[in-house]
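Chemist: Take a look at the letters that make up each chain.
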Amino acid sequence: MEFKLEAHRIVSISLGKIYSARGQRGGLKLHKNLLVSLVLRSARQVYLSEPCCPPEPPAAPRAPPEEPPPPPCAAAAAWAPGEPPPPLPRDEAPRGGPRRPGADCESPRARRCCCGGCCCEAGGGGAAPPLPCCSRKRGAGERGQAGSPVKKPRREAEAPPPPPPGEQEDMETGNVASLISIFGSSFSGLLGKEPPRRRRAPRDGGEAAAPAEAAAAEPGQICCDEPVLRTLNPWSTAIVAF
Amino acid sequence: MSQKQAGGPPGESAGDWCLYQLNGAAELEVSEADIISTVEFNHTGELLATGDKGGRVVIFQREPESKNEPYSQGEYNVYSTFQSHEPEFDYLKSLEIEEKINKIKWLPQQNAAHSLLSTNDKTIKLWKITERDKRPEGYNLKDEEGKLKDLSTVTSLQVPVLKPMDLMVEVTPRRIFANGHTYHVNSISVNSDCETYMSADDLRINLWHLAITDRSFNIVDIKPANMEDLTEVITASEFHPHHCNLFVYSSSKGSLRLCDMRASALCDKHSKLYEEPEDPSNRSFFSEIISSVSDVKFSHSGRYMLTRDYLTVKVWDLNMETKPVETYQVHDYLRSKLCSLYENDCIFDKFECAWNGSDSVIMTGAYNNFFRMFDRNTKRDVTLEASRESSKPRAILKPRRVCVGGKRRKDDISVDSLDFTKKILHTAWHPTENIIAIAATNNLYIFQDKVNSEMH
Numbered sequence: 001m002e003f004k005l006e007a008h009r010i011v012s013i014s015l016g017k018i019y020s021a022r023g024q025r026g027g028l029k030l031h032k033n034l035l036v037s038l039v040l041r042s043a044r045q046v047y048l049s050e051p052c053c054p055p056e057p058p059a060a061p062r063a064p065p066e067e068p069p070p071p072p073c074a075a076a077a078a079w080a081p082g083e084p085p086p087p088l089p090r091d092e093a094p095r096g097g098p099r100r101p102g103a104d105c106e107s108p109r110a111r112r113c114c115c116g117g118c119c120c121e122a123g124g125g126g127a128a129p130p131l132p133c134c135s136r137k138r139g140a141g142e143r144g145q146a147g148s149p150v151k152k153p154r155r156e157a158e159a160p161p162p163p164p165p166g167e168q169e170d171m172e173t174g175n176v177a178s179l180i181s182i183f184g185s186s187f188s189g190l191l192g193k194e195p196p197r198r199r200r201a202p203r204d205g206g207e208a209a210a211p212a213e214a215a216a217a218e219p220g221q222i223c224c225d226e227p228v229l230r231t232l233n234p235w236s237t238a239i240v241a242f
Numbered sequence: 001m002s003q004k005q006a007g008g009p010p011g012e013s014a015g016d017w018c019l020y021q022l023n024g025a026a027e028l029e030v031s032e033a034d035i036i037s038t039v040e041f042n043h044t045g046e047l048l049a050t051g052d053k054g055g056r057v058v059i060f061q062r063e064p065e066s067k068n069e070p071y072s073q074g075e076y077n078v079y080s081t082f083q084s085h086e087p088e089f090d091y092l093k094s095l096e097i098e099e100k101i102n103k104i105k106w107l108p109q110q111n112a113a114h115s116l117l118s119t120n121d122k123t124i125k126l127w128k129i130t131e132r133d134k135r136p137e138g139y140n141l142k143d144e145e146g147k148l149k150d151l152s153t154v155t156s157l158q159v160p161v162l163k164p165m166d167l168m169v170e171v172t173p174r175r176i177f178a179n180g181h182t183y184h185v186n187s188i189s190v191n192s193d194c195e196t197y198m199s200a201d202d203l204r205i206n207l208w209h210l211a212i213t214d215r216s217f218n219i220v221d222i223k224p225a226n227m228e229d230l231t232e233v234i235t236a237s238e239f240h241p242h243h244c245n246l247f248v249y250s251s252s253k254g255s256l257r258l259c260d261m262r263a264s265a266l267c268d269k270h271s272k273l274y275e276e277p278e279d280p281s282n283r284s285f286f287s288e289i290i291s292s293v294s295d296v297k298f299s300h301s302g303r304y305m306l307t308r309d310y311l312t313v314k315v316w317d318l319n320m321e322t323k324p325v326e327t328y329q330v331h332d333y334l335r336s337k338l339c340s341l342y343e344n345d346c347i348f349d350k351f352e353c354a355w356n357g358s359d360s361v362i363m364t365g366a367y368n369n370f371f372r373m374f375d376r377n378t379k380r381d382v383t384l385e386a387s388r389e390s391s392k393p394r395a396i397l398k399p400r401r402v403c404v405g406g407k408r409r410k411d412d413i414s415v416d417s418l419d420f421t422k423k424i425l426h427t428a429w430h431p432t433e434n435i436i437a438i439a440a441t442n443n444l445y446i447f448q449d450k451v452n453s454e455m456h
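Heads up: the sequence lines are chains A and B, in that order.
Residues 1 to 242 (our numbering) are what the first sequence spells out, left to right.
Residues 1 to 456 (our numbering) are what the second sequence spells out, left to right.
Since the hints were derived computationally from the structure, they do not count as laboratory data.
A quick note: this is a predicted structure, and the numbers were derived from the prediction, not measured.
Relax, there's no trap hidden among the hints.
With the C-beta cut set under 7 angstroms, the calculated list includes, among others, these residues of chain B facing chain A:
1. GLU96
2. GLU98
3. TYR183
4. VAL233
5. PHE285
6. GLU288
7. GLU343
8. PHE348
Heads up, the beta-carbon is just placed ideally off N, CA and C, and yes, glycines get one too.
Take the sequences, apply the hints, and build the full model.
Modeler: So, in structure tokens, the structure goes:
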């Protein structure tokens with residue numbers, strides 16, 4: 001659990017560093033930013049290497065607090081602060097959208113959402129039982145999941161209430177543009193190399209995930225590929241942090 | 001450092017270091033431009049050059065020892081100060097190019113003049129330093145002030161004679177090696193052939209001829225075709241001290257590559273790869289960062305290489321690629337604090353390392369203005385501090401100790417009390433004597449080992 005917390009924290013810090021590298025005098029320091037991206041990748045890997053939760057229907061009671069680390073999807077979801085809100089009404093924001101019968105991913109995620117920020121990272125250790133809103137969200141997720149095309153991003157309600165969709169998107173777009181301009185052709189390793197189906201929007205989350213992207217082919221992680229990538233959207237975290 | 005100290009307690013030093021002199025202002029708020037960014041003795045140790053973040057170079061010259069004034073013998077006095085680099089702006093990329101002097105390297109002296117190379121992130125410059133201590137007097141056509149004489153007053157012919165004058169040191173830029181690097185230059189190294197030198201940036205190493213500025217040869221290029229595949233960068237490089245065809249470069253992954261320029265024009269394929277497998281028990285999020293080599297130095301003998309990574313210094317034998325022959329912990333107590341050090345960026349600090357003239361002792365800096373010396377023969381090490389409070393002239397520096405919990409002795413300092421803003425990144429050791437130059441932010445400390453002033 002501590003590892004996950006630490007991993008989350010490290011990712012937040014790393015993203016902050018990448019973000020603030022923009023204004024540095026003397027231009028982008030390739031060495032430092034490479035190291036930061038490696039740390040980002042390590043933190044992500046640690047986060048994901050926690051054992052997967054047993055598959056269960058979304059409505060299933062959540063795992064008791066004593067259980068071993070929450071499933072990676074939850075983990076991934078856990079600190080997926082603020083996906084770029086799709087141009088959809090919020091409540092339709094399919095929590096779902098997991099490409100796969102991500103039932104097991106649903107529950108933890110929903111759990112996370114409803115707990116808001118306080119135990120979002122805790123993921124489940126002793127967190128309060130799902131609130132009614134959670135069920136609602138789960139329902140939406142399920143609906144969304146039922147047959148929705150992969151394209152719909154999941155949206156998490158992160159600790160700080162997410163800014164209005166439009167605003168957040170603007171920031172993210174701006175950030176993406178900045179990141180692209182920073183790294184541009186010289187270090188596009190951090191730019192998202194997304195699978196074609198997800199090409200719909202600037203996946204700034206993909207940016208941070210890119211080094212991890214390369215690692216996404218690692219065994220055991222394919223199941224969480226897309227959710228992970230989405231959840232790696234760093235911007236809300238970065239935005240929150242700054 | 002010495003066999004004389006054999007009777008001392010283990011862990012305590014060999015040698016009695018005391019402050020020789022201190023240059024720099026004791027201001028509460030240090031202007032960033034005054035922060036020293038590089039220190040380098042010349043080949044005889046007579047001259048000591050420092051570069052700072054403001055692009056200035058200050059050269060100190062050691063006064064010849066004088067029997068008349070025993071206390072001022074061998075002092076390093078300011079010899080010359082000049083502005084080496086100015087801030088520039090790359091309009092194409094909308095990037096400012098810092099004027100900070102990253103490295104200074106002296107050329108071997110070949111005539112009365114001294115020469116050095118100084119570099120910032122992009123441009124290397126060759127400076128020639130000459131002295132003028134005589135001037136001609138007694139011109140026929142000019143008077144003492146240089147004004148033309150009235151010819152009618154000239155009645156006889158005289159031969160001008162050279163008269164002594166106050167020493168004037170002139171520094172002129174003789175070559176400017178520009179536009180050779182896309183990325184930031186991290187090191188320069190003069191070849192033992194005294195004709196060429198190399199400059200390394202994050203991804204490439206170029207070979208220059210000292211007399212030719214409009215072209216250079218690229219000898220190492222590790223830039224991947226697709227930058228997304230970038231996994232490591234070049235962090236430091238140096239020519240072998242005796243073999244003009246050999247050089248080494250270090251990487252952010254902790255490996256060293258020895259290259260032979262005779263093998264091919266482009267030395268992408270190393271001749272030898274020096275790499276130590278990672279200790280799995282030490283694995284953490286930051287393993288990669290702390291294994292990045294921040295400095296590499298050949299021993300004077302040319303037989304060994306010294307590398308510095310975040311927590312250790314390692315001595316490598318050129319003949320053994322699998323692991324270093326010696327590893328010394330600089331500040332292992334930081335291993336549990338890597339996350340905080342990552343947060344405050346200290347984990348990216350690039351410490352340098354140095355050999356003494358006989359290759360028996362190695363030195364490197366740490367935090368809290370501490371610096372460490374390791375005697376390779378006696379296996380003793382010492383931590384000393386470069387601070388005004390603990391350095392009284394001619395008083396011997398007291399070894400410092402960092403305690404990590406457990407028994408704490410008087411004067412020990414706890415890990416949590418260390419000042420991480422006071423870091424000793426740049427140090428240099430006199431080529432033949434036990435004199436060291438330590439750059440502590442904007443201050444230059446010069447310490448001498450009074451007991452063992454000659455190298456052992």
